[in-house]
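Whenever a hint applies, use it, and build me the whole structure from the sequences.
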Amino acid sequence: MDHVLELKNLNVTYINKERKVMAVRSASLTIDKGDALGLVGESGSGKTTLAMAVLRLLSQAEVTGEAIFRGNNLLTMNNEQLNQIRWTGIAVVFQKAMNSLSAVHRIRTQIEDIYRVHYPKATAEEIAERMKALLRLVNMPERVYGLYPHEMSGGMLQRIAIAIALLHNPQLLIFDEATTALDVVTQGQILHEMVELEKTMDMTRIMITHDMSVVAASCNRVAVMYAGELVEIGPVREVIRTPLHPYTKGLMDAYPSLTGKITALKSIPGSLPDLSKPIIGCPFAARCARKIDKCYTEKPPMVAYDNGRQAACWLAGGNA
Amino acid sequence: MSVFLAKARHGIASALKDTQLRIGVIAILVLILVMIFRPVLMTVDPYYYGPDILAAPGENGHILGTNKLGQDIYSMLIEGIMVSLQVAVISAMISGILGVLIGGISGYFGGKVDTVVSEIINIFMMLPTFFLILLIIALFGNSILNVMVVIGLTTWPSNAKLMRAQALSLRERTFVKSAIAMGETKIQILLKYIIPNGIFPVVANTTMGMAWAILTEASLSFLGLGDPNVISWGQMIYDGKAYLTSAWWISTFAGLAIVLTVIIFYFLGDGLNHVLNPKYVAGRNK
Amino acid sequence: MKRYLFRRILSGILTILVVLGINFVIIKAAPGDPIRTLMGPENDDPVLRAALTEKWGLDDPPLQQFAAYLTNALQGDLGTSIIYNRSVNDMIWEKVGATVLLGFSSALLSLLIGTALGIVAAKREGSALDVLSSNISYTLNAMPSFWLGLMLIILFATQLKLFPSYGMTNARADYQGFAYVLDVLHHMFLPALTLILVSIPQYFRIAKSSVLQVSNEDFIVALRATGMPEKKIFNKYIFRNAILPTITIFGISMAYLITGVSLIEIVFAWPGMGRLVLTAITQRDYPTLQGIYLVMSVSVAVMTLVVDIVYTLFDPRIRFN
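Protein chains in written order, with our numbering: chain A, 1 to 320; chain B, 1 to 286; chain C, 1 to 321.
Just to be clear, a hint being listed does not mean it is correct.
Simulated crosslink set (DSS-like; lysine-lysine; CA at most 30 Å straight-line) [claimed, not checked]: (1) B:LYS177 with A:LYS17; (2) C:LYS123 with C:LYS236; (3) A:LYS17 with C:LYS123.
Derived coverage of chain A by chain C (criterion: at least 3 residues anywhere in the stretch with Cβ under 8 Å from a Cβ of chain C; other residues may be distant) [claimed, not checked]: (4) 5 to 12; (5) 119 to 126.
Simulated from the structure, these hints should not be mistaken for laboratory data. From the three backbone atoms N, C-alpha and C, an ideal C-beta is built for every residue, glycine too.
Spelled out as C-alpha cells, the structure:
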C-alpha cells in the first residue's frame, strides 16, 4: 500500500560551533491517506524538528535517513523538485500565524506571491476567487483578504493560515502547534472547524502538539516522542485508554479527569537527557517508574503489536 | 547588593570570553600603563620648545617629527593620552551618574514625575548636543575642565533613557515587590535594587559615550575652542592644519591616535553589549 | 494616527521653546559682558555703551528681555549680528544653500552606498567581503571627520593635485552654465567624499544587522515552506522589512544635517553655514550663534516629525495605531 509519507530512520543533528545536538534519532513513521496523526511530546522532544526536517526547512542541521513522499526521497532531491513539492504536496500551518506573514505586506500580496510560485501566470482575479472560496471554508469574511496581518486577531490569522495552506489542495497538511498560541475557546473552535472541514474534503494531516487533549479531540492516530525518539504509535482511543509505554502513561496521568474522583495530579519527575551526548539504553529510563536494569543498557526497539500499535519498551510486551 | 555582586562576578567571568571585550580591556590597560610610565617612554619633555622646528619624522631623533614650536610630536602624543582619558572618564562619570539617577527615579517612581522627566529626556535627546556644547564653551571659557563638565552635563539623556526603561521593568519584579512589602523605602529600593540591577546597559552606553567625548573634544579644539594650555590630540590637529602642506605629520599622527583610542572604546562598548545582551548579536540563536 | 501627530507636533513646539529658553539663559548666565566684546577691550566710551545697552535691551528686567527675544524669534527675527550688524536671518539664509547642497547629496550617496554594502555583507556573512567591509566601516566610524578631510586634502590635493582643497568655485575663472556646474562638482568632490566616508558606517551597520535579523524571522521560514525561491524572498520580503530602520537613520541624519556638515565646511572653506559658525565663535558673535542653534533645533524638530510621518508610510503597523 502506498503511504502518503514514509519516514525511515530519520536522524536530525543540529550543528553548532561548540557542539552537536541530536534532536531526532532513528524516527520511523508512516502516514496513510485520510490519517490525522497527532505527533505528541514535551518541549524539546523533537517533534517540530522532525516536521521541519522533512521539508528541509532547517538551517545548520544534518539530516539523514529517508522521507519518502510520492515515491521520492525528499531529503535527497534537488532544490527545484523540492520547491515544487512544497505547498502543492505538503503544506504547513505554523504556530503563530502573525509570525508566518510579512508585517509590511497585505495578506493579498503575499497570497498572490505564494500562489504564483506554482502558477506564475495566474491572474489576480483567479487567485482572489480561489482564496475567497477558501476563506468561506474556514468561516472568515472575504474582506480580510485586503488587510494587513496586524489588523486581525490571532484566531482570525490562524484560520487564514489554514486557508493559505489549502491553496493548492496539498496531499499532506502539517499543523505545527497551530493552536498552541491561542486561547482555549478559540483553540476549540478551530479544532472543531477542522474536523468539520475534513468531512467535505480529503485531508491527510499531522498535528504537532504537546497537548494530548488536542490529539484526543481531532486525531485518529497518535505518535509519542520523547527526547528525539518515537516511543509509541497507535490509534488514539487505544493508546489513551491503555498506553503501552510508561512515558505515554505519564502523559495521560498528568491530565486531570473531568469526571470521576478527584485525584492528585501526577507529574513526571526529572527532565530531558542531554541531547548532545549519545544516549545509551532507553532515553526515558532515568524518569521511568517501572524501569529494569536492561533499560539502562540496551535501547528497546520499536515493536509492532496488534491493531497497528507500536511501542519501544522492554516491558510493553506483557500488556499488549 | 549581593545580587549585584553575584551578577557582576558571573558577568566578568563570561565577559572575558568575548574577544572584542578582551582586546578592549587589554588595550585600555596598555594605554593607562603608557600614561603612568610616560616619563620613561617619552623621548623629550613634550612642553619643551626645542631647536628643531618642523622637523620631519626621523630627523634628529624625533621619531614622529616636530611642530612649529619645536615640540616633539611623539612625546606630545603620549602626553595627550592623559587629556583624552580624563575627558572620557570624567564626562562619562558625570553623564552616567546624572543619567542613572534621573532615569532611575523617573522610571521607578512613575506617575507625573515620569511623564515630565520623559518629555524632558526626549526633548534633550533631540537637541543638537554638539552645538550646544560649542555655545556653552564659547560663553563660559574653554578650559579643559569646562569641556569635561559640559560634555557630561549634556549627554546624560541617553543614559537616563536606558536606565528608565530598566527601572520600568524592574519595578514589576518579585524581589522588588517583596522589598516594598517588607517596608523598605523608595529611596532604599532605588539604590539597593533598581540601580544595581539595571545599570548594565548604561555601562555599555557610557563606554560609547566616552568615545564620543574624545571625538567631541577633538572637534572643539579644531574649532579653536580647545584648551591651549594642555596638550591634546585635537589641539594638535588644529595646530597642524596651517602646516598641512609643509609638515603633514603634525595633524596626521594626532588623528591616528584618536582613531586608535576611539576604536579601543568601541571594542569595549561592543564587547560589553555582546556580554550584557546576547540578542545584540544578530543571527543564529534559534 | 491624528492623536499621534498632534502629540509629536506638541513635542516639537515644546522643543523649540526649550531651545529659546536655553539660548536666553546661557547668555545671561555666562561670565563676561557682551557689550565689552563688541566695543573691544580698549574702548570705554560711555555714550557708545549707553547706546548699545539700549539697542540690545540689556537694561530691561530679564523677563521683559526674554519676552522680547521670544516675540522676535517667533516672528522669524533672529536678531542682528553684533559684529556685522546684519540680520542673522539674512546671513543664515545666504549660506544655507551651499550647506544643503553638500549635505544632502552626501547623505543620499552615503545612504545608497552604505546600505548596499550592508545588504551584501549580510547576504555573505562571514565572507572576506563581509569581514573587510565591516572592519573598514568600523575604522571609518572612529575617525574625526575633520581629520579625515585633512588627510584627503594631503592625499588628493597636495600630493596628487587632483582636486582643489578649498572653496566652492574657482573665483578667478568665471564659469557659466555647464562649466559652472562642473566646477562646483570639482570643488565638492573632496568635502563630499569626506562626509560620505564618515557617514557610510551608520548605514552599513544598520542595513547589515537589519537584514540579518529579518532573515532569521519566522515568516521567512514560512515563505520558504511555500516553495518560494530564495531570490524572491530576499528581494521582496526581506528587503522591504529590513529597510525600515534605514529610513529612520536617514531622517535623523537629515535632521542633523547642518551640524554634521559644518566641521567639514570649515576644513574645506566651503561657503556654507560652517564658516558662519566658525567666525561667530572666534568673534563671540552670540546673536549669530544663537540664531544658528535655533535654526538647527527647528530643523531637527521639523525633520524628526517628517521622518515619523514618512516612516508610517512604510510600516503599516504604525499607521493604524
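Practice prompt. For the pair supplied as a hint, LYS123 (chain C) and LYS236 (chain C), confirm whether the alpha-carbon distance does not exceed 30 Å.
Written response: 14 Å, holds
Fill in: Pair hint outcome, LYS177 (chain B) versus LYS17 (chain A) [Cα-Cα no greater than 30 Å]
Outside the cut-off at roughly 41 Å; violated.
Practice prompt. Apply the coverage criterion to the segment 119 to 126 of chain A and chain C: a residue qualifies when its Cβ sits closer than 8 Å to a Cβ of the chain, and three qualifying residues are needed.
Written response: violated (count 0)
Fill in: Residues of the segment 5 to 12 of chain A with Cβ under 8 Å from chain C, three needed, outcome
violated (count 0)
Practice prompt. Could you grab the alpha-carbon distance between LYS17 (chain A) and LYS123 (chain C) and see if it respects the 30 Å cut-off?
Written response: Distance of about 20 Å is within 30 Å: holds.
The structure does not agree with the numbered hints 1, 4 and 5 stated previously, though it agrees with the rest.
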